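Enquirer: Put together the whole structure using the sequences plus the hints.
Top line first, the protein sequences correspond to chains U and Z. FYI, the numbering for the first sequence is 1 to 80, going by the working numbering. FYI, the numbering for the second sequence is 1 to 240, going by the working numbering.
Hints are all accurate, no fakes.
Distance condition first, Cα-Cα at most 20 Å in a straight line; then the derived SDA-like pairs of lysine to any residue:
id: 1; chain 1: Z; residue 1: LYS185; chain 2: U; residue 2: ARG62
id: 2; chain 1: U; residue 1: LYS49; chain 2: Z; residue 2: LEU180
id: 3; chain 1: Z; residue 1: LYS209; chain 2: Z; residue 2: LEU43
id: 4; chain 1: Z; residue 1: LYS185; chain 2: U; residue 2: PRO55
id: 5; chain 1: Z; residue 1: LYS210; chain 2: Z; residue 2: ASP51
id: 6; chain 1: Z; residue 1: LYS210; chain 2: Z; residue 2: LEU226
id: 7; chain 1: Z; residue 1: LYS210; chain 2: Z; residue 2: ASP74
id: 8; chain 1: U; residue 1: LYS49; chain 2: Z; residue 2: GLN176
id: 9; chain 1: Z; residue 1: LYS209; chain 2: Z; residue 2: GLU54
id: 10; chain 1: Z; residue 1: LYS185; chain 2: U; residue 2: PRO65
id: 11; chain 1: Z; residue 1: LYS185; chain 2: Z; residue 2: ALA149
id: 12; chain 1: Z; residue 1: LYS185; chain 2: U; residue 2: HIS64
id: 13; chain 1: U; residue 1: LYS49; chain 2: Z; residue 2: SER184
id: 14; chain 1: Z; residue 1: LYS185; chain 2: U; residue 2: TRP54
id: 15; chain 1: U; residue 1: LYS49; chain 2: Z; residue 2: SER173
id: 16; chain 1: Z; residue 1: LYS185; chain 2: Z; residue 2: SER173
id: 17; chain 1: Z; residue 1: LYS185; chain 2: U; residue 2: ASP23
id: 18; chain 1: Z; residue 1: LYS88; chain 2: Z; residue 2: PRO55
id: 19; chain 1: Z; residue 1: LYS185; chain 2: Z; residue 2: GLU162
id: 20; chain 1: Z; residue 1: LYS88; chain 2: Z; residue 2: LEU128
Hints listed in this document are in silico derivations from the structure and should not be mistaken for laboratory results. For clarity, every value in this text was computed on a predicted model and none was experimentally measured.
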Amino acid sequence: MAALPTALQVKAKVQSRADRADDIALLKQELELPELDYVDISAQIELQKALNRWPLLTEIERLHPIVQPRVHPLDFETLP
Amino acid sequence: MTALSLRGLRGGVGTSSLIAATGQALHRLGERVLLVDMCPENLLRLHFNVDVSEPSGWARAMIDGVAWNTQAWDVEPGLSVLPYGRLKLEEQDQVEQHLLSEPMLWGRRQASLAEHFDWILFDVPLRLPGHAHVGPCALRLRIVEADPACHVLMQQDEASSEHLLINRFDPVSQLQRDLLLIWSKQYGARLLPLTVHLDEAMREALAFKKPVGAYAESSLAAQDVLSLATWCLTRRSEAV
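Expert: Structure below.
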């Protein structure tokens, strides 16, 4: 007769439905690259447009920034 | 028993109508519900067909020295409302001082009601910190409208951990869509995954002295509030 484990053996943290639906989170898990810095450029652009449309929102964004710095394409001419 | 509090970020965002609708929706889903009006405006009872001229309520009882627990109205079996009562301004100040000096009062009252109700919903006023001592609440919702005034006020209220629920959302409005996008990014999981849409049925419901789900069951606002009630039930089961 085997003894019952004293604590539940949890192999991995159970993911919420939101986590399962997040393709990027799944990709990071699959590649074992949790630190992968992924920026959703199109979402960032939409957010920036929303903030720029209204002067009060632009002003508040300067005081409490929520937009991450934009990622720029590499300028090959300046590369050594 | 689970306690839920609703408080507007500013005045006039429709909190009383929303809490009346939420209570009715939870009751429709089979829950035993008590709604408590903590606001001196004393409007919540009107959604449940209590006479406009009726002066009684728990705060009136506090001033008059009578029992608070005899002041509730049974709307239907399993659905009750406890009004604030009609008080003069100086009497409201007295109640505020009393609640400030005895912050555990509503916590004890909650405990005494626990076996009779599955939910107690508190309609909490804006600027009366004593009246906001409603005891432990598993769910606390801050009601906002997607407008620039709420956007400014939310920046000043960053320390808060209350959930944010957008009321009277109008998807036709570019500004409201922009604010929804910004708030989704800024507040993440604090922002509820549903909104209550702008719907004339919500105003008409008060004019008919009913919660919106009883006045216009198939209206957009009533359907949104049913989703809100389902979200509340889900959150409760996750918390257990």
